[in-house]
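Quick mapping for you: the protein sequence lines, in order, are chains P and L. So in the working numbering, the last one in the first sequence is 574, and the numbering has no gaps at all. So in the working numbering, the last one in the second sequence is 705, and the numbering has no gaps at all.
You may find that some hints are simply not true.
To be verified - Here are a few chain L residues that face chain P, going by a calculated C-beta distance under 8 Å: (1) L348; (2) G350; (3) R668; (4) S693.
As the list claims (entries may be wrong) - Ranges of calculated distance between the beta carbons of each label pair, as one might list FRET restraints: (5) R468/P to L631/L: 31 to 41 Å; (6) L452/L to R362/P: 32 to 42 Å; (7) A566/P to R558/L: 54 to 64 Å; (8) W624/L to A393/P: 33 to 43 Å; (9) L584/L to R362/P: 20 to 30 Å; (10) G669/L to G496/P: 54 to 64 Å; (11) P487/P to R668/L: 52 to 62 Å.
As the list claims (entries may be wrong) - Not the full set, but computed from the structure, chain L residues with beta-carbon under 10 Å of chain P: (12) S346; (13) A352; (14) D409; (15) L530; (16) A704.
What the hints contain is simulated information worked out from the structure, not anything from laboratory work. Ideal placement from N, C-alpha and C gives every residue a C-beta, glycine not left out.
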Amino acid sequence: MTGLNRRRLIAAAGAALAGSALPRGARAQAAYPTRPISLIVAFAAGGGTDVAARSIARYMEKHLGGGASIGVVNRPGAGGEIGWTAVAQAAPDGYTIGFINAPAIAAMTVEKQTRFTMDSFDPIGNLVYDAGILAVHKDSAFQNVADMVAFARANPGALTVGTTGGSGNSEHLALLQLQRLADIRINHAPFGGTAPMRTALLGRHIPVGAFNLSEGVEQVREGQLRVLGVMAEQRQSIAPDLPTFREQGIDLVAGSSRGIVGPRGIPAPILARLREAVRASMHDPEYVQAAQRASIPLRYMDGTEYQAFITRMTAEMRAIWQATPWR
Amino acid sequence: MFDALLHALPAVLSFKSALAMVVGMAAGLVVGALPGLTVTMGIAVLIPLTFGLDPLVALGVMAGMYNGGSYGGAITAILLRIPGTPASVATVLDGYPMAQRGEAGHALQVAVVSGTIGSVISAIALILLAPPLAQVSLLFGPAEYFWMAMFGLATVSMLLGDDALKGLVSVIIGLLIGTVGQDQLNGSERFVFDILDLVDGLNVVVLLTGLYALPPVLLMAERAARRGMDKALLRFDRARSVLREWRRYIRIWVRSSAIGIVIGILPGAGGSMTSLIAYNDAKRIAKDPDSYGKGNPEGVAASECGNGADNAASMIPALTLAVPGSGVAAVILAGLLVHGMRPGPQLFRDNPDVVYGFMLQMLVTSLMLAVMGGLAATRLFGQVLRLPPLMLTPFIVLLTVVGVYAVNASVFDLWAMLAIGLLGYVMDRLDYPTAPAVLGLLLGPMAESQVRLALTISRGDATILVASWVSWIMIAATLFVFLSPVWHAWRARAAR
Numbered sequence: 248m249t250g251l252n253r254r255r256l257i258a259a260a261g262a263a264l265a266g267s268a269l270p271r272g273a274r275a276q277a278a279y280p281t282r283p284i285s286l287i288v289a290f291a292a293g294g295g296t297d298v299a300a301r302s303i304a305r306y307m308e309k310h311l312g313g314g315a316s317i318g319v320v321n322r323p324g325a326g327g328e329i330g331w332t333a334v335a336q337a338a339p340d341g342y343t344i345g346f347i348n349a350p351a352i353a354a355m356t357v358e359k360q361t362r363f364t365m366d367s368f369d370p371i372g373n374l375v376y377d378a379g380i381l382a383v384h385k386d387s388a389f390q391n392v393a394d395m396v397a398f399a400r401a402n403p404g405a406l407t408v409g410t411t412g413g414s415g416n417s418e419h420l421a422l423l424q425l426q427r428l429a430d431i432r433i434n435h436a437p438f439g440g441t442a443p444m445r446t447a448l449l450g451r452h453i454p455v456g457a458f459n460l461s462e463g464v465e466q467v468r469e470g471q472l473r474v475l476g477v478m479a480e481q482r483q484s485i486a487p488d489l490p491t492f493r494e495q496g497i498d499l500v501a502g503s504s505r506g507i508v509g510p511r512g513i514p515a516p517i518l519a520r521l522r523e524a525v526r527a528s529m530h531d532p533e534y535v536q537a538a539q540r541a542s543i544p545l546r547y548m549d550g551t552e553y554q555a556f557i558t559r560m561t562a563e564m565r566a567i568w569q570a571t572p573w574r
Numbered sequence: 210m211f212d213a214l215l216h217a218l219p220a221v222l223s224f225k226s227a228l229a230m231v232v233g234m235a236a237g238l239v240v241g242a243l244p245g246l247t248v249t250m251g252i253a254v255l256i257p258l259t260f261g262l263d264p265l266v267a268l269g270v271m272a273g274m275y276n277g278g279s280y281g282g283a284i285t286a287i288l289l290r291i292p293g294t295p296a297s298v299a300t301v302l303d304g305y306p307m308a309q310r311g312e313a314g315h316a317l318q319v320a321v322v323s324g325t326i327g328s329v330i331s332a333i334a335l336i337l338l339a340p341p342l343a344q345v346s347l348l349f350g351p352a353e354y355f356w357m358a359m360f361g362l363a364t365v366s367m368l369l370g371d372d373a374l375k376g377l378v379s380v381i382i383g384l385l386i387g388t389v390g391q392d393q394l395n396g397s398e399r400f401v402f403d404i405l406d407l408v409d410g411l412n413v414v415v416l417l418t419g420l421y422a423l424p425p426v427l428l429m430a431e432r433a434a435r436r437g438m439d440k441a442l443l444r445f446d447r448a449r450s451v452l453r454e455w456r457r458y459i460r461i462w463v464r465s466s467a468i469g470i471v472i473g474i475l476p477g478a479g480g481s482m483t484s485l486i487a488y489n490d491a492k493r494i495a496k497d498p499d500s501y502g503k504g505n506p507e508g509v510a511a512s513e514c515g516n517g518a519d520n521a522a523s524m525i526p527a528l529t530l531a532v533p534g535s536g537v538a539a540v541i542l543a544g545l546l547v548h549g550m551r552p553g554p555q556l557f558r559d560n561p562d563v564v565y566g567f568m569l570q571m572l573v574t575s576l577m578l579a580v581m582g583g584l585a586a587t588r589l590f591g592q593v594l595r596l597p598p599l600m601l602t603p604f605i606v607l608l609t610v611v612g613v614y615a616v617n618a619s620v621f622d623l624w625a626m627l628a629i630g631l632l633g634y635v636m637d638r639l640d641y642p643t644a645p646a647v648l649g650l651l652l653g654p655m656a657e658s659q660v661r662l663a664l665t666i667s668r669g670d671a672t673i674l675v676a677s678w679v680s681w682i683m684i685a686a687t688l689f690v691f692l693s694p695v696w697h698a699w700r701a702r703a704a705r
């Protein structure tokens, strides 16, 4: 912790020095950042979002240039609400940005009275999009989505599907969509975490599990699990041999994303710098290679595209909530 | 496999890897000793910094940190009664009274030797038995975890204190605190009072430092003695050698290591529960169970040995099934992924050098613990006790405040810690054991969510709870624990 702070201080001092040494015209350009930027992560250190943030931070520092320094600040709690509120309420000066996870954050604004809305943010760029999957144990009788749907129709409410979060997690929302699209009833078992759910699936304590593709792709490659369907428009590059739901006649598209936003109202030149830093990092071969090795499904969206994505997600969540409130 | 081990050996013992292990261990000792800073956090901060490094160098730091951190927690537990991690709660029980008697040096020695033995045995289990042992974790579904939690709760309430009733009351306090927060199954918020900081419930570190660190500070301030502990009382050089007394500890080491390994491979249990169950087991087989909790070094040995044995074992399901057995194992998995290692059976096939190298690093760092922990850290930190209480108390308060704030960066937690500290003070004064409360908070939510998950899966059919032989073993063990005081009383009467 102290090491980090010292590093930030040195970087800030360096940036200040560099700024004063530059000629006038250049200084206006390089006036940002003059102090360390806080990157808020709404989850504890060590989680997936945290590791993603700490990784991209190094590359954003490099591409912002001028000795920029980005410190990851963990503000965990309340399923992300504490950290996201902190981002939304920060001064829009470009010195506080944060990671959000859609659709989880959008679902939260729909299901409860949050102190922010999805309009409280200026999108900077999306990094990751991980499609949802339904998977079964390798010895399961279900070979494909049709088998599972047939079972669910014959035994209403008897099909148990485990998910990795709490009630209202993104997989739960996907299951609600599936119920509507396939006209079935699912018995939902939220395990509160990926590891316990995957163990239960491997140990055959539950028949079907819903989680993200990157979290299950290894077990699938090893033949321990079988994917019934991927909840995406088309087949995914990290696992091109896995069929989508759409191919199997059910138009289920769901997944979870990770991206960077700031509080709404960041001055245009600074917002542009931040967006450019994310764009450059996402095209940095070193970063791309590290992410590929770790099976992280990168999906870069620029600010405009990301904004459209958030808006669409929010509308979708509102529609699901109106049809089937999940809590 | 032995081929692969021999193949990996030179890389493990290379200068870079050795340096990485030393650095990791030093950092782990510090991080473990500070309440609030956890090994999980330390490794998470580390991962991005290891991008450009050789995987074995990165893993060496992590292995060092893991083994160092689990002993680091014992240092403050013994000296200051601050369990650096939940896992060192059981170490406090006998370690702190020992230190107060002037046997801090001996207590730390017992801790480091026992921790080393536990982690060495665990690392050997990881190397030899990883694939078969991994299957054990698959036997545990929600129903089995529920019984496991019940077993843990029964153990701490019945066997910890001298008075089973007071133990039960303490467990219930923990269980009640555990009900605060958002319900996992239906998302409703319980006892949250619209306070955002309470939605995730109370963090166990807050409870831990409140219950353990603050009451002795208040006691110390009450006494306000003017002088610190005499240097002679610390007795580092004259401390009895634990190894020479190995006959006394061998049974505890073997049993605690076995307990640590078994619980370590179960995802979700781990850590804190291991050391308490090992402690209770040692107390149960002891000739003089009444001396436990009053400064019996065997208690420290059991707790630290169980804690050490948990470490490498929790990597077994992580490496073989990609299912982490503990929070630390989970971040190490993330670290492996970043370096392109995909955990699972294929890891052993595709990257044998790295996986066996890492296993060896776990073994080497376990052995290093004896040197770095025993010789350096113990002597250095032990000097703390020589401070006069008047200087020591504000220092402890500062340490706890920093530690608790570090968990969630939340000021609310500081007030919660203060309130719990007062509660802990009252409990101490009335002679209620506090460890059951901690386990109540840890295991209560686990028991609740798992039994409800099991019933959700079975759609309300309660027979799922007794459907597997693993459940029956857990039930039998729980009953055994509940009935053992009765059995002892009966035997005592029969003997008379």
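Verification of the supplied hints:
1. Evaluation of the L348/L hint against chain P yields a held restraint, the C-beta minimum of about 6 Å falling below 8 Å.
2. Annotation: interface hint on G350/L holds; nearest CB of chain P at approximately 3 Å, less than 8 Å.
3. At about 6 Å, the closest approach between the beta carbon of R668/L and any beta carbon in chain P falls short of 8 Å, and the interface hint on this residue holds.
4. Proximity of S693/L to chain P is violated relative to the hint, the smallest CB-CB distance being about 31 Å (cut-off 8 Å).
5. Distance hint check for R468/P and L631/L: the Cβ-Cβ separation is about 54 Å, which falls outside the suggested range of 31 to 41 Å.
6. For L452/L paired with R362/P, a C-beta distance near 59 Å fails the hint of 32 to 42 Å.
7. Between A566/P and R558/L the beta carbon distance is about 46 Å. The supplied range of 54 to 64 Å is therefore violated.
8. Restraint check, W624/L to A393/P: a C-beta distance of roughly 56 Å breaks the suggested window 33 to 43 Å.
9. The given range of 20 to 30 Å is broken by L584/L and R362/P, whose C-beta atoms sit roughly 53 Å from each other.
10. A hinted range of 54 to 64 Å is violated for the C-beta pair G669/L and G496/P, which are about 33 Å apart.
11. The hinted window of 52 to 62 Å between P487/P and R668/L is violated, with their beta carbons roughly 37 Å apart.
12. Using the Cβ-Cβ criterion of 10 Å, the hint placing S346/L at the interface with chain P is satisfied: the shortest such distance is roughly 6 Å.
13. At a threshold of 10 Å, the smallest CB-CB gap from A352/L to chain P is about 8 Å, leaving the interface hint in force.
14. Interface hint at D409/L: satisfied, since its Cβ lies 5 Å from the closest Cβ of chain P, which is below the 10 Å cut-off.
15. Residue-level restraint check for L530/L holds (minimum Cβ-Cβ distance to chain P is 7 Å; threshold 10 Å).
16. The beta carbon of A704/L is not positioned within 10 Å of any beta carbon in chain P (closest approach about 46 Å), and the interface hint is therefore violated.
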